[in-house]
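If you're matching them up, the sequences are chains Y and V in order.
Read left to right, the first sequence gives residues 6 to 386 (our numbering).
Read left to right, the second sequence gives residues 6 to 386 (our numbering).
Hints listed in this document are in silico derivations from the structure and should not be mistaken for laboratory results.
Note that the coordinates shown come from a computational prediction; the quantities given were computed from them, not determined experimentally.
One or more hints might be untrue.
Just so you know, same-sequence chains aren't split out, so a pair can sit in one copy or run between any two.
Claimed, not checked - Straight line, CA to CA, 30 Å or less: simulated DSSO-like cross-link-like pairs of lysine-lysine:
no.	residue 1	residue 2
1	Lys230	Lys257
2	Lys253	Lys318
3	Lys266	Lys318
4	Lys230	Lys334
5	Lys7	Lys334
6	Lys213	Lys258
There are 2 protein chains.
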Amino acid sequence: MKQRLLTPGPTPVPEETLLELARPVHYHRTPEMRQLLSEVVEDLQYVFQTRNPVLVLTSSGTGGLEAAVANCLPPGSKAICLIAGRFGERWRSICKAFGIEPVAVTVPYGQSVQPEQLARALQQHPDAQAVCATLSETSTGAAHDIAAFGRLVAATPALLFVDAISGLVAMECRTDDWHIDVCVTGSQKALMLPPGLAFMSVSDKSWKQIDKNPTPRAYYFDLKKARASLQTGDTPYTSAHTLVRALKVSLKKIRSEGIEKLWTRQARVAAAARAGFQTLGLELFPSQPADGLTVVKVPPEIDGTALLGKLEKQYGLKLAGGQDQLKGKIIRLGHMGYIDQFDVLAGLAGVELVLHEMGYPLEPGRGVAAAQQVLAQSGAR
Amino acid sequence: MKQRLLTPGPTPVPEETLLELARPVHYHRTPEMRQLLSEVVEDLQYVFQTRNPVLVLTSSGTGGLEAAVANCLPPGSKAICLIAGRFGERWRSICKAFGIEPVAVTVPYGQSVQPEQLARALQQHPDAQAVCATLSETSTGAAHDIAAFGRLVAATPALLFVDAISGLVAMECRTDDWHIDVCVTGSQKALMLPPGLAFMSVSDKSWKQIDKNPTPRAYYFDLKKARASLQTGDTPYTSAHTLVRALKVSLKKIRSEGIEKLWTRQARVAAAARAGFQTLGLELFPSQPADGLTVVKVPPEIDGTALLGKLEKQYGLKLAGGQDQLKGKIIRLGHMGYIDQFDVLAGLAGVELVLHEMGYPLEPGRGVAAAQQVLAQSGAR
Numbered sequence: 006m007k008q009r010l011l012t013p014g015p016t017p018v019p020e021e022t023l024l025e026l027a028r029p030v031h032y033h034r035t036p037e038m039r040q041l042l043s044e045v046v047e048d049l050q051y052v053f054q055t056r057n058p059v060l061v062l063t064s065s066g067t068g069g070l071e072a073a074v075a076n077c078l079p080p081g082s083k084a085i086c087l088i089a090g091r092f093g094e095r096w097r098s099i100c101k102a103f104g105i106e107p108v109a110v111t112v113p114y115g116q117s118v119q120p121e122q123l124a125r126a127l128q129q130h131p132d133a134q135a136v137c138a139t140l141s142e143t144s145t146g147a148a149h150d151i152a153a154f155g156r157l158v159a160a161t162p163a164l165l166f167v168d169a170i171s172g173l174v175a176m177e178c179r180t181d182d183w184h185i186d187v188c189v190t191g192s193q194k195a196l197m198l199p200p201g202l203a204f205m206s207v208s209d210k211s212w213k214q215i216d217k218n219p220t221p222r223a224y225y226f227d228l229k230k231a232r233a234s235l236q237t238g239d240t241p242y243t244s245a246h247t248l249v250r251a252l253k254v255s256l257k258k259i260r261s262e263g264i265e266k267l268w269t270r271q272a273r274v275a276a277a278a279r280a281g282f283q284t285l286g287l288e289l290f291p292s293q294p295a296d297g298l299t300v301v302k303v304p305p306e307i308d309g310t311a312l313l314g315k316l317e318k319q320y321g322l323k324l325a326g327g328q329d330q331l332k333g334k335i336i337r338l339g340h341m342g343y344i345d346q347f348d349v350l351a352g353l354a355g356v357e358l359v360l361h362e363m364g365y366p367l368e369p370g371r372g373v374a375a376a377q378q379v380l381a382q383s384g385a386r
Numbered sequence: 006m007k008q009r010l011l012t013p014g015p016t017p018v019p020e021e022t023l024l025e026l027a028r029p030v031h032y033h034r035t036p037e038m039r040q041l042l043s044e045v046v047e048d049l050q051y052v053f054q055t056r057n058p059v060l061v062l063t064s065s066g067t068g069g070l071e072a073a074v075a076n077c078l079p080p081g082s083k084a085i086c087l088i089a090g091r092f093g094e095r096w097r098s099i100c101k102a103f104g105i106e107p108v109a110v111t112v113p114y115g116q117s118v119q120p121e122q123l124a125r126a127l128q129q130h131p132d133a134q135a136v137c138a139t140l141s142e143t144s145t146g147a148a149h150d151i152a153a154f155g156r157l158v159a160a161t162p163a164l165l166f167v168d169a170i171s172g173l174v175a176m177e178c179r180t181d182d183w184h185i186d187v188c189v190t191g192s193q194k195a196l197m198l199p200p201g202l203a204f205m206s207v208s209d210k211s212w213k214q215i216d217k218n219p220t221p222r223a224y225y226f227d228l229k230k231a232r233a234s235l236q237t238g239d240t241p242y243t244s245a246h247t248l249v250r251a252l253k254v255s256l257k258k259i260r261s262e263g264i265e266k267l268w269t270r271q272a273r274v275a276a277a278a279r280a281g282f283q284t285l286g287l288e289l290f291p292s293q294p295a296d297g298l299t300v301v302k303v304p305p306e307i308d309g310t311a312l313l314g315k316l317e318k319q320y321g322l323k324l325a326g327g328q329d330q331l332k333g334k335i336i337r338l339g340h341m342g343y344i345d346q347f348d349v350l351a352g353l354a355g356v357e358l359v360l361h362e363m364g365y366p367l368e369p370g371r372g373v374a375a376a377q378q379v380l381a382q383s384g385a386r
């Protein structure tokens, strides 16, 4: 049976990138590898829309989040954590682990933190040294208005840290224009690679904090060392360099399409997915949905875990469920990276067939047709 | 031109393992992936010769070294660092970064720290909470008598941390019998994978320290979280799971040969490499050489950087040079993992040809023949 990976990460990897991963391993400290890393970093700057250096870490995205906190914030300082799901919670946990006082601004899962809430928190905590936000909250499918957050934070001494792990490339994200001080992503989402690398841009405002931080608690994630190595096209420690080589292949695809065109295409696919699910009577879980994944509530009469199991076993469609308290209650369809509009149609078609089989009242084809309508109306791109 | 990667890491990756890396990406949180990780961990326990859990980190080996220090040692504590090269120095730097007082026991590069030196340091510093050692010092090719260190440390409350990054599998290393409390290796050496993963075994004695450490300074490298996840065959954060899948292929090769047989074969190849170089009149750099790499001094009249350049350009042979103050002064030939005796003959043959061409007095063939003599005398295995 043909398998389709439709989760919000790891995502499918293009065949050319996979083949690159099967090429023989070379030595990592050579002029060729330094040249390659420099090119990759330049491509990443384009993808991030930043003139700041983009550092390459051999870790999951969480390593990048930790690097931001451990390098920029001295223990005893305060950080405002905007929490709308599991990954907002992760910011809070990292702050706690490094002795930073987290000021939590929380909304129920499925909601998004509003700019007014951040404005109030900044007023109440003028001593906050950072604001930790999430572009796309992968656990709920909610997006945040990072541009608005950026305008607020830029007017204060605080730094804006953004977890853009499932957001970057999957939806509009303008690191410099939006005043993002540290923007973090991982390899296994819209960058179309297997997991193993994290990437982070670091602004001048952040470097000033890093350079004056008397007690950075980082060695492997020491950003000053990473910056110094990057100047010679290198990394402080042995990096997952075959992944870096493969990244070049995926980045070429992105650059040849153009990032703004890609954002528009992503938005269109996301709109189609939402229309499809809603036409089937499935309610969107997030009130302010992200473009890289669509999350819907499982109808109360349907067993969500059984639904996902049938999709996988009967049709080779791998979608993700909810985590922790959302287990069995939501399904998450990824549509970023190497997942296109027709893969989304396949996902919707599978959901229709399985729901129909499970006795849920629907007319097969209506969800797919609704998605098609959206695609047709927004024109080919 | 046929390329041969003969560096002490990254090392060549078997073709079957490379092909595994080109297989489609699957979701990472599935019963199949949990089963696979559990099998891989069991294989790693065999390879480490330990009954302790072996944790899988998505990082370079250095991440594993940091994890040992950051989790086991409270700030203000003391650690004896045995320093015979760049990687011994790394232990000291990590300790400093985490507020641990390093007590350095140093020997000149090329030498190995002797058990008597450690015995004295332990007597002088009975309050040391750890001893940081290196099985194979990759920067100099020196081996350490970890078995002897282990007997000494086991009689004290201190923990024995061993950087076995270029040593594990490449030479005898019996984690439990030798009382190693934390043994760390990386994927890109004798385990025959690209870089990107670190593996570490953690003893009961270490867990006791970890569990009572009031101030672990780790989030991404939090070993308690890693231990808890491992119990369900998982990792706390998204791991480089396609590398884990590929590791299974490489581990199968190791298990089918048998670790003791492999150690013997490694020792035999190392002896052949040493005999070959010495017959050419090249002096061994380490006084107590490791089995995974052979490091020799470049004759004073020869430009070491030019020698390595010619090997690469004219013959496709990639050997490593010295780092920092040893640049141009030594050459390092790796012979671990997927580098066998005949690859070593190729390396020796190339060195003979290039040295001859550079006007160094030698009779081409004598080094290769001497290596062959050693291989013949020690019999096929």
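Hints, verified against the model:
Proximity of Lys230 to Lys257 under the C-alpha cut-off of 30 Å is restricted to the intra-copy arrangement: shortest distance 28 Å within a copy versus 37 Å between copies. Within a single copy, Lys253 and Lys318 get their C-alpha atoms only as close as 34 Å, which misses the 30 Å cut-off; across copies the closest is 25 Å, which meets it. When the C-alpha separation of Lys266 and Lys318 is checked against a cutoff of 30 Å, the pair qualifies neither within a copy, at 35 Å, nor between copies, at 43 Å. In this assembly of identical chains, the alpha carbons of Lys230 and Lys334 lie at most 30 Å apart only when taken from different copies (26 Å versus 44 Å within one copy).
In the homo-oligomer, the alpha carbons of Lys7 and Lys334 lie at most 30 Å apart inside one protomer (27 Å), although the nearest pairing across protomers, at 56 Å, exceeds that limit. Proximity of Lys213 and Lys258 under a CA criterion of 30 Å is satisfied in neither setting, with 35 Å inside one chain copy and 50 Å between copies.
Hint compliance for this structure: hints 3 and 6 are not met, and every other hint is.
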